Amino acid sequence: MRGYTAKDYRSGVKPVWCPGCGDYGILNALYQAFAQLQLPPEEVAIISGIGCSSRLPGYVKTYGFNSIHGRALPVAQGVKLARPETTVVAVAGDGDGLAIGAGHFPHAARRNIDLTYIMLDNGIYGMTKGQVSPTTGSDRRTKTTPYGIVEDPINPVKLALSYGVTFIARGFSAQVKQAVDLIIQAIRHPGFAFIQMLSPCVTFVGREQFDIIRSLAVDLPPDHDPTSLEKAWEVSNERDRISLGVIYRTESLPFEQRLRRIGELAKRGGDHHFDAALRPYMVAS
Amino acid sequence: MRGYTAKDYRSGVKPVWCPGCGDYGILNALYQAFAQLQLPPEEVAIISGIGCSSRLPGYVKTYGFNSIHGRALPVAQGVKLARPETTVVAVAGDGDGLAIGAGHFPHAARRNIDLTYIMLDNGIYGMTKGQVSPTTGSDRRTKTTPYGIVEDPINPVKLALSYGVTFIARGFSAQVKQAVDLIIQAIRHPGFAFIQMLSPCVTFVGREQFDIIRSLAVDLPPDHDPTSLEKAWEVSNERDRISLGVIYRTESLPFEQRLRRIGELAKRGGDHHFDAALRPYMVAS
Amino acid sequence: MSEKRSDVTIAIVGSGGEGVVSAGEILLRAAAQDGLFGMMVKSYGPQIRGGESLAQVRLQETPVLSQGDALDALVVLSWENFFRFSTEIVVRKGGSIFHDSDERVPEDLPFPPDTRFLAVPFLQTAKRVAGSALTKNIVALGFLATWFGLPPGGFQKEIAERFAGKGEPVVTANLKSFEAGMALAEAHASRVRHRWSGVAHAPKLILTGNEAISLGALFAGVRFFAGYPITPASEIMEWMARELPKVDGVFVQAEDEIAALTMVIGASFGGAKAMTATSGPGLSLMTEAMGLAAMAELPIVIVDVQRGGPSTGIPTKTSQADLLHTVFGGHGNLPRIVLAPVDVADAIHIIVHAFYLAEKYQLPVLVLSDQFLGQRLEVIRPVDFQALSDQVIDRIRPSEEELIAYRRFKITETGVSPITMPGMKGGMYTAAGIEHDEMGRPTSDADIHEKMTWKRWKKLQTVEQREANLLWHDGDADARVGIMTWGSTKGVVEEAVSRLRREGFKLATLVPRRLVPLPVAPIQAFLDRLQALLVVELSTGQFHTFLNSQLRLPDTVRLCQRAGAAPFTVGEIVNAIKEVHAA
Amino acid sequence: MSEKRSDVTIAIVGSGGEGVVSAGEILLRAAAQDGLFGMMVKSYGPQIRGGESLAQVRLQETPVLSQGDALDALVVLSWENFFRFSTEIVVRKGGSIFHDSDERVPEDLPFPPDTRFLAVPFLQTAKRVAGSALTKNIVALGFLATWFGLPPGGFQKEIAERFAGKGEPVVTANLKSFEAGMALAEAHASRVRHRWSGVAHAPKLILTGNEAISLGALFAGVRFFAGYPITPASEIMEWMARELPKVDGVFVQAEDEIAALTMVIGASFGGAKAMTATSGPGLSLMTEAMGLAAMAELPIVIVDVQRGGPSTGIPTKTSQADLLHTVFGGHGNLPRIVLAPVDVADAIHIIVHAFYLAEKYQLPVLVLSDQFLGQRLEVIRPVDFQALSDQVIDRIRPSEEELIAYRRFKITETGVSPITMPGMKGGMYTAAGIEHDEMGRPTSDADIHEKMTWKRWKKLQTVEQREANLLWHDGDADARVGIMTWGSTKGVVEEAVSRLRREGFKLATLVPRRLVPLPVAPIQAFLDRLQALLVVELSTGQFHTFLNSQLRLPDTVRLCQRAGAAPFTVGEIVNAIKEVHAA
Ligand SMILES: Cc1ncc(C[n+]2csc(CCOP(=O)(O)OP(=O)(O)O)c2C)c(N)n1
Ligand SMILES: Cc1ncc(C[n+]2csc(CCOP(=O)(O)OP(=O)(O)O)c2C)c(N)n1
Ligand code: SF4
Ligand code: SF4
Ligand SMILES: [Mg+2]
Ligand SMILES: [Mg+2]
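Chains as they are written, first to last, in the numbering used here: chain A, 1 to 285; chain B, 1 to 285; chain C, 1 to 583; chain D, 1 to 583.
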């Protein structure tokens, strides 16, 4: 059998993305990661919310679900729990995942469901044409912050860390090779894996977003110990640079296995067909 | 003029709470804190969501709003922004604030609006009679976890820290004096202040919840430096004990002042009555 | 003295701590073992625990239709708590009050003049035989058993089972208390002997509406449940938490209702039969996601156990005021099916049918229950699950051929298109809430939007044409006065109508159990025969508004409506029907 | 050749990067300065940026009612992009196509046989005079100005202003391009001279529906806006972000729509006039909180700029399918007011009225706009703000006396109770979504629930009895055929009806601008005079369903309905009316 190549995952639908958009890089990285992992396309489901970034599933020839704004994570969890054999990748924008969907992130994390959550972070609401997002840098003007931004930006890696996410990484759309590697590691990680993918919006932030990130981005040093919570905390507090790579990883039982334990406990009692559930309600007289 | 005493803040409505419920202690602490601060009752608004804990506003003779499940924070922010002179206290349960309302917490934090957010944490859904909550300890059985809990519990202090909350404290219903002090400090803090108040549910967790907390609770040592992020991080990682006191505080411009800056920028252009807004749409011909 | 009985309504009032509800439950279960049918409703005060509580039990030789209007007997464990319910408690003329002899009878009680007051030493007896006030309720049960001629066996079995977990001494203390209670009645000066006739000893089921929904869903094959606690629907999720793991199903307590429903939608996409259950506030929160299921054409079932609204309203009390939201709520042109069971037995049928329709038509199906139905305990005839198994079906999958250039949203005659799921080779597609073409590709083309909108809408027509009408109908063919109601109010109406028809009134009743799509033709035929229609509902007029939107009502329409909280009584409906007749 | 003109419709099609929309805007603004009325609608492809775009401008000597069905002229900057809109673009018989002479004209174009094709060197001219392709659109503008007899002054002023920020050389390049374009038309062989007559030089306003809503809200005194971005409503929040800080108002971009609306509710509790604006998905999410405002009796205004649904649907295209959700959505008995402006000028009136009703009646007021209305740019007569100032009112506050034992939810004849706010001594109370008594204390008592439910409901009756009916009515008193529609579809219907009446048809049109509470009596009187009714709407039948739920419609009812995306054309309505007449 011939193996899958990156182009086997192309759906043929032409992206609506602007020329030069950072999301193309992530999409390519995803094709390559799938190919390297030799994932049968029908065994993959990519689940997104709404936004430029959330259009991604339509461009990949796997199962996909472009759901509603902010709900990539709960939909993805539903898919994974209903059919655990599926490789589930959740995709969200920074607005999608950190504004309207902010409440789902800590809960997906504490369930440690075995899925990969990729946040395409452009620091703006792209799809709605340029309003401030939770990760927009404080110095920017946007359509809804014509006089400057009053809120402090959110640091998604720090959030993930405090939520107990068991795999945390940061990638950059312009470093596709690294992004491929991070995605592969995240998919292989048994449990909930989060990647913040910096993915510039050339239209509503501008091309310079690439340069700014490039000027601040550094790969994590080879001696970075991703199993150290302290080190990860330090990285999450960096302000002078943007570290790329696997920031943190730890082992914890994935949800699916925890559920199995629950199932065993539940079944201790004996038979479990429908009649057993009906019995307590029967009155013989 | 005679000053206000604690009982001036009693509304006279009889609490629906179970005898022995931890929430009584927090209610008392609130009365005392208000009295010590000599807050005119009409200048205070207590805003809650839904839950046993959220019944609190009705028991205090100030303005109050027992809103809907999970929305204490946005309602409270609306009140404060509409009438900044008001002392606004938001009250939520652990389910209210960390499950359905989880998405509002990081955003209230990053706005740093000058309000006090008290979470009455009993580690259970009290009002709905005993389902698992985000802070329920992993070893418990509840009505919805008859075979044990599969999710890891959430640590609200850790969350607050990663959200950049500018005042973070932890109190305990059984230590009313300390609770009074924490509430006073939180109200005085210019910006968003968060207090996790451990407040046992004697009915659905049981009286032993008091004892368990008592056996683990320690006051923060006098040399704890609440301005140190590192120290606060350490406290938030404690597993063998429960530290009580002010865990973290820092200074940052409150939202109301940031808005004032915005206002000044906006008004640079000149006159700002309605006619100025209308002018760009007028065509003389 | 001796009285012949085929219908008795008894209430027990006291504080939660006095075991009022346990006593009611034991009474109902014991009577069921003895061949009786019955219904129990409960009412609580605002206190989370230990506040006042009321259990009302009606026992009958035939299936029970309503909670019973007026009490034959009221057991008062403490008068203080009685007053919290004084507007809810009605004692029939000549009824009896059994009150604890240790408490002074208050003045100005709202009872009819000929009410019999019997002071009974419940507390003293409990203390005497069990050494504790705790078994006071069980003493009262013993008293009631003997008074109303119910054999002790069922009670003793129930008591033994209920307290088994607390150890032998507790069981013994309770059994002794029960017997002492019996003796009190036996010995009572004004004892009336009640005799039952025609009790049919046949197998029965005893369960609440919430349990019926849960059990029926399991039968229908539900394998995924995500929910968020809310009164009065929480029992369904608690049931699922306990039972689903036994059949390798998945239960998740979600972080909120939006997560619950979107997880359910994800699970359905993943191939599972999936559902959630909630009440008004949760349902409102689910509105957006409901549209996603309609647009992505995924089968899901949502149960709404209605309570008083709007907003948080009255969580512990009933209402029928989510109707318009379920039939019309949601932005855009959102096809959905709405079903409404009329009693506990029907809840089983309706939830099975809900899964059947959801899977067959790939859209959201809403099931409208309410607190009155969901939390009442009924003794009913056994349900013929065998007959229901035809309705346990799976969604239609594409053929090999259809998979060659698979069109997930193929426009078909019925509106339904074959669906795949992850793992199916060649069936890959992207589901979306965004408008899409037959392949599932996003589009903003007006023509495609037009076609796809009507494709989705078509399914409702197909249901109306091809599926059972689910109309409950009863009464005189030549009746000129008709009554329409829906949901849990049906039993009360049925009883009122039966009573009046026995008195010679000509009446006909129609109760639609499927509200969307409404079976318009047969209902219009029914309406066209009428001169006057009475519309009965617990809302400010939502059912009336809904009927108006779909049908041509007779010139004379009368409304029997209340905001809710308390369910209707038979007497209220009787009066309303008499007024229509007089008009 | 020379043609007399009082109505011209011109479209420009190209890619977003070719400045299609800017050209359309400049054209409309310049014409407005020259005394003409006008309307511009835009259409985009799915690309976020740089995709195909279409700007359609209609100019008239009298106020414009619709976007114009068929084009007098179409400017094609690039044919490739034309094909994306081929179903939307209709050129009238004898119309003209001005296409860039550098592009080959494709075969099989969907134009009438007598269409005139004129190749014009837009691109070459731009390159020649400005040294860049960028001013191609401005060359086209110059061409159009001369061709259609529009004086250059307005254009030049607009061009100068628009490019001022980009520096002197850019302004010059564009002005030169404009003049070169004029010269191209001047010199063109087949030039037709257009002459305008009766242009009334009077002050006008030029703005979109979203701007009208924003401006009107500011006039009404809005001081708090919280929102979440969503197409096609975002312009309202962006406007507020810019303008509110200037008047010491507060603007917040919330984390989601639930936060937005609950912040607005908090702000209203705090005493501010507060609003939000959203579209379908956001509105669905706000459903639960809407009930809170109704229950806590707090004035709030929600603007819904409808788009294609359900679910995410088609964000960039119009629809009228949120109607049933706004009038009936939300669990429980939820009183709300729903208003629907019919055009840009009306949007100002309606939003001012919305704040008036919200403050006066203390409940949620929904304003239903849509993409067609919200994003179209209209040149209209000035609005008489002076006359509107009566409606700028504040909520009723308790008197000194009423503050003595203050009952926040006092049952009154109108249903409205005086309200306090933080800072008012003696006015302290707890607002709640939980059912409560007159003092605001929580209760689960059925009687109080009944009273308070009807108290809140009463406000709708009061509005119906005491407030203006907001009916737009036009036509023949003796007409037997009537037309009803609502919202932004009104203009198209009005134009169709006028056209047919000029042809001798007898017709009458009724458009309710307040949908809840619907002014039933005058509408029923209108209907009772009809033999046939045509109901026009962009949905699968929601307006028809709604009318049925409230009124008795004539025996003959015809439906003119589409799912949406593209607004109706006058021609569609004309045909539908003719069919009704024939029936
Ligand atoms: C409930 C709801 N609210 C708002 C929107 C409008 N909306 C679409 S995408 C989006 C945000 C896009 O930003 P982000 O998530 O960062 O994705 P990006 O486009 O930048 O990739 C918003 C607000 C919506 N579709 N649904
Ligand atoms: C939208 C919505 N969902 C669910 C509920 C039901 N509900 C009421 S209180 C509550 C949780 C209570 O737990 P918590 O917030 O911890 O407060 P506690 O009662 O423990 O103080 C829930 C789920 C509701 N009122 N509204
Ligand atoms: S708007 Fe920004 S994020 Fe969206 S496609 Fe364009 S460049 Fe990418
Ligand atoms: S249920 Fe628990 S939290 Fe609620 S009042 Fe009782 S003890 Fe307190
Ligand atoms: Mg973004
Ligand atoms: Mg709790």
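No wet-lab data here; the hints were simulated from the structure.
Model, not experiment: these values are computed from the prediction.
Check before you lean on any hint, since a few could be wrong.
No more than 30 angstroms apart at the CA atoms, straight line, and that leaves these computed lysine-lysine pairs for DSS-like [stated by the list, open to error]:
id, chain 1, residue 1, chain 2, residue 2
1, C, K578, D, K455
2, D, K458, D, K506
3, C, K42, C, K4
4, B, K14, D, K425
One-sided excerpt, in silico: chain B residues whose CB lies under 8 angstroms from chain D [claimed, not checked]:
id, residue
5, G3
6, Y4
7, A6
8, I47
9, P57
10, K61
11, G64
12, L81
13, A82
14, T86
15, G103
16, P190
17, I262
18, H272
19, V283
Covered, in the sense of this in silico footprint (three residues per stretch, anywhere, with C-beta under 8 angstroms from a C-beta of chain C), are these stretches of chain D [said to hold, decoys possible]:
id, region
20, 294 to 302
21, 453 to 465
Just so you know, even glycine gets a beta-carbon here, dropped at the ideal spot from N, CA and C.
>> Next item in the hint list is P190/B. Is there a CB on chain D closer than 8 angstroms to its CB?
In response: violated (18 angstroms)
>> Quick check on the hint: G64/B CB to chain D CB, less than 8 angstroms?
In response: holds (4 angstroms)
> Does the nearest C-beta of chain D fall within a distance shorter than 8 angstroms of the C-beta of I47/B?
Replying inline: holds (7 angstroms)
>> Quick check on the hint: V283/B CB to chain D CB, less than 8 angstroms?
In response: holds (4 angstroms)
> For the pair supplied as a hint, K578/C and K455/D, is the alpha-carbon distance within the 30 angstroms limit?
Replying inline: Holds - the C-alpha atoms of K455/D and K578/C are around 28 angstroms apart, at most 30 angstroms.
>> Please check whether P57/B passes as an interface residue: C-beta within 8 angstroms of a C-beta belonging to chain D.
In response: Because about 5 angstroms separates P57/B from the closest Cβ in chain D, which is inside the 8 angstroms limit, the hint holds.
>> So if I understand the rule, the pair passes when the alpha-carbon distance is 30 angstroms or less; does K42/C with K4/C pass?
In response: holds (27 angstroms)
> Per the CB criterion, is G3/B less than 8 angstroms away from chain D?
Replying inline: Because about 16 angstroms separates G3/B from the closest Cβ in chain D, which is outside the 8 angstroms limit, the hint is violated.
> Taking a Cβ-Cβ distance under 8 angstroms as contact, does the region 453 to 465 of chain D have three or more residues in contact with chain C?
Replying inline: It holds: at least three residues are needed, and the region 453 to 465 of chain D offers 3 whose Cβ sits within less than 8 angstroms of chain C.
>> So, as I understand it, the hint says K61/B touches chain D; can you test that by seeing if any CB pair is closer than 8 angstroms?
In response: Constraint on K61/B satisfied, holds at 6 angstroms.
> At a threshold of 8 angstroms, is the proposed contact between I262/B and chain D supported by beta-carbon distances?
Replying inline: holds (5 angstroms)
> With 8 angstroms as the cut and Cβ atoms as the points, is T86/B at the interface with chain D?
Replying inline: holds (4 angstroms)
Violated hints, in rising order: 2, 5, 6, 7, 16; the structure is consistent with all others.
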